[in-house]
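Sequences are here, hints too, so could you generate the full structure?
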Amino acid sequence: MPSKRKPGKSEASGASKPSPQPTTTTTITTTSATPPPIPPTPPSDDTQTVLDRAKSRSAASRPLDALLHQNGGALSALSRQDQFAWLAARIASRLAKRPAVASLTTTAGAAAVARLSCGGGPKTLKEVWKVVNELSLPLRVAGTTCARKRGYYRNGEGDLRVKDFEARWEKKVVVSCLAVESRCFRDRRERERRGHKEEKTREQVIVTEQEVLEETRRRKEMAALRRELYGGGVGKDGRLATDPEWDDVEPVVLEEPEGALAAIAYPADYAEAMAYLRAVMQAKEYSERCLRLTEHIINMNPAHYTVWLYRAANVFALKLSIPDEVAWLNRVALANLKNYQIWHHRHLLVENYFPTIASDPSTLSSFAAAERSFLQQILSHDTKNYHVWSYRSYLVGKLNLFGDADELAAIEAMIDDDVRNNSAWSHRFFLVFSNPAHASPGFAATEADPKVPAAVVDREIEYAKEKIRLVPQNQSGWNYLRGVLVKGGRKLGSVEEFAGGFVKGLGEGEEAEDVLSTHALDLLAEIYAEQGDKEKADLSLTRLGQKWDRIRMGYWEWRRKCLEAPA
Amino acid sequence: MRQKGVAFPWRKMATQQRRPPAPPSPAHLSPDSETVDEEIIPNRRQPGLMIPDLFTQLPPVRDVLVTETSQVQDETVELCLPLLSGESEELQYNEHGVPPLDRERHVKFLHQCLGQLPGRFVAADASRPWFLYWCLSALTMLGEDVTPYRQSLAATARSMQNDTGGFGGGGRQLSHMATTYAVVLSLALVGGDETYEVVDRKAMWRWLCSLKQPDGGFQVCLGGEEDIRGAYCAAVIISLLRLPLELAPESLAYTGDGSVNLLTGVGDYVRRCQTFEGGISGQPNAEAHGAYAFCALGCLALLDHPGRSIWSYLDVPRLIAWLSSRQYAPEGGFSGRTNKLVDGCYSHWVGGCFPLIEACLNSTSGGCGAPAADDPAIAAASSKRLPPADESLFNREGLIRYILCCCQDQTKRGGLRDKPGKMSDAYHSCYVLSGLSSAQHQWVLDEPEPEATQQQLKGQAEGLVPEKTAGEGTLSSSPLSSLPGGEAVWAVLPYLDGLRIFDNTDRVRPIHPVYAIPQQSVRAMREYFRARPGF
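These protein sequence lines are chains A and B, in that order.
If you're matching positions, the first sequence starts at 1 in the UniProt record's numbering and goes up one per residue.
If you're matching positions, the second sequence starts at 1 in the UniProt record's numbering and goes up one per residue.
Rather than coming from a laboratory, the hints here were simulated on the basis of the structure.
Quick caveat, the model's predicted, so the values are computed rather than measured.
Heads up, some of the hints might be wrong.
Only pairs whose alpha carbons sit at most 25 Å apart, straight line, appear in this in silico SDA-like list of lysine to any residue [what the hints assert, rightly or not]:
(1) A:LYS338 <-> B:LYS422
(2) B:LYS422 <-> B:GLU78
(3) B:LYS419 <-> B:VAL61
(4) A:LYS398 <-> A:TYR353
(5) A:LYS561 <-> B:PRO388
(6) A:LYS536 <-> A:LEU516
(7) A:LYS384 <-> B:THR67
(8) B:LYS419 <-> A:ASP382
(9) A:LYS504 <-> A:GLU462
(10) B:LYS419 <-> A:TYR340
(11) B:LYS419 <-> A:LEU337
Next comes the structure, spelled out in structure tokens:
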């Protein structure tokens, strides 16, 4: 196959081996009627950027395009000679891209090329070459500015001055060379570890101290160059293996057993990071670099409980600032809403932090406020996130926020926002009825607690009723109401009138009967049973099963049987 | 192949029994109700399909106020309705408007999930044992032979085991209760003595002791959270491996006087997780959640005969009310919490609670059995007697419709899913099929011998009396091993009441209501370790 040369590539090689002047351009000295167009020569001073250079090269290699452009882009506006010259340049550059074909000398071959290129015969082709020779038109055309679009110059390299770009390029070459040497070193060390022999001498592979020293120096140099070239971030592969900071760690590579099930084809950077993690965990190392390593792995796999626990151990061993860790955690949590390892980590942080601030009311209250503000933020993304709510109830217990007006207000706002948010209702129940100020310990959630003040029970009953009136078929409200009645030791019958308001003409025929809430009817059935009115209770349950909540027919039938059972 | 229009004898029988005034149109059965406002309206677009309007219409009681919850709920119903009412062109419906179980594609999907997973599965690096369990369990339910995986599973499991006991999510990861549970169940699923021998039981026992907390619960891993999953997984592991209940002195819960063993206080821990709604939360003071309800019941069913233990520690009527509320119409599937959406996985987490609840209700010793808790309030509560559950407490037809119409991936990918519009995955494939299995079968629990078990319980707590095994007839050679609930003898039958809306070939294999693997796998593993006293 002939080597294909694309205009873009020729520019690329031009960039990699910079030469002062583009070699493919020549000025046109011909017999042409029009004076040959001279492309505007950009100042080749220090301020020229790489992209400017590419543009000027491109223009210089297309002198006739510039002429055409001056004439408004219409070929007909040019003289016949110029028209032909323009055409000849196009054809010749196409032929130049197919060197093997263009070099055909046979008549048949030449004819084929001519047809291919311009639809003419061998005679036309001859004309083309004549014009090209006479005008010394460039055969290879430099790429245009689309180089930027294709991302040829990455990270803003196109805007660098030529001199800087060349210096940068040299550094890249140096890093590549060092990486190759480092790779060789690591291969040798690996062969040493496996007890291989040198191929030529059949001697045991031994890595000398000198080699290790060289490698250390090499890594330092590479790391410095990389930092200079790419800033903090580094390339994907070999991040740790070539980082001098990790030089002393021998990664623990795990090989999956043969035929391992559900084996994951780990990306190289993940596998490498895990190998280093195993090594430092085994050595029980706690350090800044371990902390960074856990962050690196957590970014790739936030569900890795082992890494999270190790991170916590590092934070505590290094006695790092808990608020700093919490701030870091907030960012991770927002990026991984569904993850729950995050919340246990937070739990551990609070367990550790609390004793240090327990005696300082102002720090305590500002910490509580910050936590609440973050919880509100994350719940605004995912209002029913189970792990967030579980953590929230833990936090309330730990910091004793039961009586905190802000906490209750925040929950009320969430219920106002979506009155069907059962997580918010559950949290409210916890806030009110687990408050150690008046709750007695040891009672199950569905048992009456004699110590809860009547005023609190009344308030909660009113609250639930008010919300139920908004959406009578909302089970959250009814479950809450029933829960409050039981906890407060009230008779269910105390809300008979209220519940009855959602059920009309029960059993009075299809027309008269209307149910606005199946949960009201359910509660009424219990109330009637409580009052010993089995008949009405039975009717309520029957109608639930027959019409209003048919999917639960089996349950309603069982409830009917409960009415018969000896109390 | 699909059989259409075949009259099965029991269906005819059931129809005659339940509906004496033979209705003109083929009627949908509803137990114990002679007048039901339910019609099977011939579907306009798909004439001839017999689908009760319960599954093709919006529920009769709906509120006007729109909130985020009602919006996503309405969207979900909108996605499900066409599939449920026989209108989807991708589905091949039988005369009941139910598509077949696409075994072939699901099997292929599951085998694939057991093979090499691509790099994007890196987020599952800490839960690979779950993939093993989900796939092997689902394949088993689909009738596949999983014994060819014996060797590779044993090798994989070995690579995940820690010298300090238990299995991690992968090599050199901390041992975790959930991953250990998944590995042990996987080993039981493929079976074989050599496979069982992978487990280092002594180290496992020590490790479990180190996770036991003074409040009765278990941490999920050293330094990890304490929740009800930990309690359920621990009970399953102890029971399957027949580990001793004694506590190692290193344990946080160790008292030195022998009054506390591995399972002391577990029941009370579970009790603290019941919420005011009646459901169970993951840890005390959180929201009631379907997955934890199953963990709670499974755990209690292992502590003692479910006819006693569930009664002793839970407010059963409230729990049943809450569980039953999880089923929605027209979707037919279960949700995991109040005002949340249906999701195929709750077919197991919630659906799987019903066999245990039914066992509890149907046990004659149940309601009046001696309470295990010393709390007078609970004793009083359990003295009230509840009627047995003769009929199904949940709507089996609805659940089966949801699973077969809405949870099967319709592309060539195969596998089962959360709901229409979601991708299938191994997790949902397993738990949707488990739910299908519990909807298609019924479990009956043998009665315990009240006195013997009481003595045994007492004896076990004191570490003195050899355990007597109900049903299996032999004495255990290990004095302090295993749980009485693990000895409960369950019998399974296909559920035949009412109308069968799916083809008989679509019945999946039954799984044990507590261990969620086939009964013979449970028996084989427990038998193996019975013969190995001590470590």
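Taking the hints in turn, this is what the structure says about them:
no.	hint	result
1	A:LYS338 <-> B:LYS422	holds, 16 Å
2	B:LYS422 <-> B:GLU78	holds, 14 Å
3	B:LYS419 <-> B:VAL61	holds, 23 Å
4	A:LYS398 <-> A:TYR353	holds, 11 Å
5	A:LYS561 <-> B:PRO388	holds, 9 Å
6	A:LYS536 <-> A:LEU516	holds, 18 Å
7	A:LYS384 <-> B:THR67	holds, 13 Å
8	B:LYS419 <-> A:ASP382	holds, 19 Å
9	A:LYS504 <-> A:GLU462	holds, 22 Å
10	B:LYS419 <-> A:TYR340	holds, 23 Å
11	B:LYS419 <-> A:LEU337	holds, 21 Å
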